[in-house]
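Chain residues, written in single-letter form:
Number of protein chains: 2
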Amino acid sequence: MSAQPVDSVCIIGTGLIGGSLALALKQAGFCREVIGAGRTETTLIQAVELGVIDRYDTQISRAAEQADIVVVCVPLGAMHAVFEQINAGEIEHTVITDAGSAKQSVIRDAGDVFGEGFPNFVAGHPIAGTERSGVTAAFAELYQQRRVILTPTEDTSTDALELVRSMWQSAGAEVDTMSAEHHDLILAGTSHLPHLLAFGLVDCLNNLEDVDEIFRFAAGGFRDFTRIASSDPVMWRDICLSNRDDVMAMMKRYRVEMEKMYRALEANDGEKLKEIFERAKKARDAFADRITPK
Amino acid sequence: MSAQPVDSVCIIGTGLIGGSLALALKQAGFCREVIGAGRTETTLIQAVELGVIDRYDTQISRAAEQADIVVVCVPLGAMHAVFEQINAGEIEHTVITDAGSAKQSVIRDAGDVFGEGFPNFVAGHPIAGTERSGVTAAFAELYQQRRVILTPTEDTSTDALELVRSMWQSAGAEVDTMSAEHHDLILAGTSHLPHLLAFGLVDCLNNLEDVDEIFRFAAGGFRDFTRIASSDPVMWRDICLSNRDDVMAMMKRYRVEMEKMYRALEANDGEKLKEIFERAKKARDAFADRITPK
Numbered sequence: 152m153s154a155q156p157v158d159s160v161c162i163i164g165t166g167l168i169g170g171s172l173a174l175a176l177k178q179a180g181f182c183r184e185v186i187g188a189g190r191t192e193t194t195l196i197q198a199v200e201l202g203v204i205d206r207y208d209t210q211i212s213r214a215a216e217q218a219d220i221v222v223v224c225v226p227l228g229a230m231h232a233v234f235e236q237i238n239a240g241e242i243e244h245t246v247i248t249d250a251g252s253a254k255q256s257v258i259r260d261a262g263d264v265f266g267e268g269f270p271n272f273v274a275g276h277p278i279a280g281t282e283r284s285g286v287t288a289a290f291a292e293l294y295q296q297r298r299v300i301l302t303p304t305e306d307t308s309t310d311a312l313e314l315v316r317s318m319w320q321s322a323g324a325e326v327d328t329m330s331a332e333h334h335d336l337i338l339a340g341t342s343h344l345p346h347l348l349a350f351g352l353v354d355c356l357n358n359l360e361d362v363d364e365i366f367r368f369a370a371g372g373f374r375d376f377t378r379i380a381s382s383d384p385v386m387w388r389d390i391c392l393s394n395r396d397d398v399m400a401m402m403k404r405y406r407v408e409m410e411k412m413y414r415a416l417e418a419n420d421g422e423k424l425k426e427i428f429e430r431a432k433k434a435r436d437a438f439a440d441r442i443t444p445k
Numbered sequence: 152m153s154a155q156p157v158d159s160v161c162i163i164g165t166g167l168i169g170g171s172l173a174l175a176l177k178q179a180g181f182c183r184e185v186i187g188a189g190r191t192e193t194t195l196i197q198a199v200e201l202g203v204i205d206r207y208d209t210q211i212s213r214a215a216e217q218a219d220i221v222v223v224c225v226p227l228g229a230m231h232a233v234f235e236q237i238n239a240g241e242i243e244h245t246v247i248t249d250a251g252s253a254k255q256s257v258i259r260d261a262g263d264v265f266g267e268g269f270p271n272f273v274a275g276h277p278i279a280g281t282e283r284s285g286v287t288a289a290f291a292e293l294y295q296q297r298r299v300i301l302t303p304t305e306d307t308s309t310d311a312l313e314l315v316r317s318m319w320q321s322a323g324a325e326v327d328t329m330s331a332e333h334h335d336l337i338l339a340g341t342s343h344l345p346h347l348l349a350f351g352l353v354d355c356l357n358n359l360e361d362v363d364e365i366f367r368f369a370a371g372g373f374r375d376f377t378r379i380a381s382s383d384p385v386m387w388r389d390i391c392l393s394n395r396d397d398v399m400a401m402m403k404r405y406r407v408e409m410e411k412m413y414r415a416l417e418a419n420d421g422e423k424l425k426e427i428f429e430r431a432k433k434a435r436d437a438f439a440d441r442i443t444p445k
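If you read the protein sequences in the order shown, they are chains A and B.
To convert, take the position in the first sequence, counting from 1, and add 151; that gives my numbering.
To convert, take the position in the second sequence, counting from 1, and add 151; that gives my numbering.
Errors might be hidden in some of the hints.
Copies of one chain are not kept apart here, so a pair can be met inside one copy or by any two copies together.
Stated by the list, open to error - In silico SDA-like pairs for lysine to any residue, Cα to Cα no more than 20 Å straight-line:
hint	residue 1	residue 2
1	Lys403	Arg259
2	Lys177	Gln197
3	Lys411	Ala400
4	Lys411	Leu312
5	Lys403	Phe290
6	Lys403	Ala418
7	Lys423	Lys433
8	Lys411	Lys423
9	Lys425	Val407
10	Lys403	Tyr413
11	Lys403	Pro384
12	Lys433	Thr281
13	Lys177	Gln320
14	Lys411	Lys433
15	Lys425	Tyr207
16	Lys403	Arg414
17	Lys411	Arg395
18	Lys425	Val326
19	Lys403	Ala415
20	Lys425	Pro226
Honestly, the hints are just simulated from the structure, not real lab data.
Just chain A, same shape as in the assembly (with noise of 0.2 Å):
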């Protein structure tokens, strides 16, 4: 047995979620080697010049089969076809996982493509990321004590679970499993309706009159509230979407929250609006200590 149990990792889309994983197994010396693959070659070139990948593959069915696991780091959107041009190749003996924001319907993509029943796909999410996005955005550290979560299916074999679990662990990450619906309700919460509401409110304000002074006055508080909405327009599209359920469920228990705020102001009640408040300082307080470190 050699010293690296993992020969080839392929990674699909080297942006700043691929890219970033790369580097980290590279660095971890994980594998002996990483092929990139993907549709621009300009990236591609890219990312073996900056020492990403070691080398890479335009012809997704070819990378893929030459791979021990494929890891698809593509907008939610793109999964589905993706995963076509993958299952195109020789995979018997390939796992294949995702980063994907939303896994039910990657789980949804995967069964479709590669029938019910395939042992060797595990959805995954690394709850890492900057607002930067692209090749040139990757880094080595991106996973350090980062969480990553592994929502395997009852089909899922526990060898690949294992191996993609170890992928994730030789990067720095801590790996979590539990059921795609319990995911998607807790970052629907904890991710997809912050973005939506930090997109929300830069649109809101982008809308006014002398919207230039109304930013050149804006505070530290407002930089940190909006650096979200500096994210990726497309991916956020897709991850919206792909959760759609969970999403608009949050969005209508928000809209309560904010008319109860809204009503406390209107009649003039602070005591209500302290209240809130206080209950929502102090849950932060309490959980700003166990948020995934910085």
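Here the structure of chain A is known, so what remains is to put chain B in place on it, guided by the hints.
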């Protein structure tokens, strides 16, 4: 004429805002001494021990009449009462200013106490702060390269305005002037609404089952987005009530924006969502560099 044109500054409320101003003025040599005043003697003793103020007086009227400038750094809901205590002293030659986050309400309070046409009141708002509060959080650099907005009325004397301007400049800030109406509208959008949204999000998630797990899987975006939900509940209750009309108007605009996104999701309208996200990202990216630096 002495090297220090200002002999004595009285700061009422020596928390993060007042304490940091005291430290900055002492560091800049703007005045010979900083007198602290406030309700709670233990806080004032602590402020002296920390070197934030030179001495203190628990009787606000007496502290104020000894000073060339009085800076009121208390929650908006306490402004009126503090103005009344200041007004009990001999304050003919004293310039009075404040650091409240809403300006029309403070000007109303000042007019009510000091009388219409009072020339020595200059309403002001340093756009700075952190989610922390209290004298132990104070630091001399808080106002470096931050903006301070002064909102003089037609009654405000030029001398008083220029004295307050020079005070903030010596603390390191850039000073702008505008109408109180305009200030309140801008801040409702860039500060007051975002705080409500953050408090609301944390409270909304806090009401879910498995709240522990929800926060456990929150990432950096969530941490930044909700940082302002750790702000002081009393201060923010007062801000929301004091700037109630503008805050409610902004909440209504925001509700329209959220409805637009909800309807797009409901209709599976990815184009519409992408359009909103792209517009927001473009605005956020364009203004990111112009937002007050860290």
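Homo-oligomer pair classification [Lys433, Lys411; C-alpha up to 20 Å]: This pair counts as within: shortest intra-copy Cα distance 19 Å, inter-copy 32 Å.
When Cα atoms must be at most 20 Å apart, do Lys411 and Lys423 count as within-copy, between-copy, both, or neither? Within one copy only: 9 Å inside a chain, 28 Å across chains, cut-off 20 Å.
Give the relationship of Lys425 and Tyr207 under a CA distance limit of 20 Å: within one copy only, between copies only, both, or neither. Neither: 57 Å inside a chain and 30 Å across chains, both beyond 20 Å.
Within a copy, between copies, both or neither: which one fits Lys425 and Pro226 at a CA-CA cutoff of 20 Å? Result: close only across copies, 13 Å inter versus 41 Å intra.
How do Lys425 and Val407 come out at 20 Å by Cα distance, when the copy is not named: within, between, both, or neither? For Lys425 and Val407, only the intra-copy Cα distance (17 Å) is at most 20 Å; the inter-copy one is 25 Å.
Between the shortest in-copy and the shortest cross-copy C-alpha distance, which are at most 20 Å for Lys403 and Arg259: within, between, both, or neither? neither (25 Å within a copy, 38 Å between copies)
Regarding Lys177 and Gln197, is the shortest C-alpha distance of 20 Å or less found within a copy, between copies, in both, or in neither? within (17 Å within a copy, 54 Å between copies)
If the cutoff is 20 Å on CA atoms, where do Lys423 and Lys433 land: within, between, both or neither? Let me know, please. within (15 Å within a copy, 37 Å between copies)
How would you classify Lys433 and Thr281 at a CA-CA limit of 20 Å: within, between, both, or neither? between (27 Å within a copy, 17 Å between copies)
For Lys403 vs Pro384, is the C-alpha pair at or below 20 Å within one copy, between two copies, both, or neither? neither (22 Å within a copy, 25 Å between copies)
Given a CA cutoff of 20 Å, do Lys411 and Leu312 count as a within-copy pair, a between-copy pair, both, or neither? neither (44 Å within a copy, 40 Å between copies)
Can you give me the call for Lys403 and Ala418, within, between, both or neither, at a CA distance of at most 20 Å? Classified as between: cross-chain Cα gap 16 Å, same-chain 23 Å, threshold 20 Å.
Violated hints for the displayed structure, listed by number in ascending order: 1, 4, 5, 11, 15 and 18.
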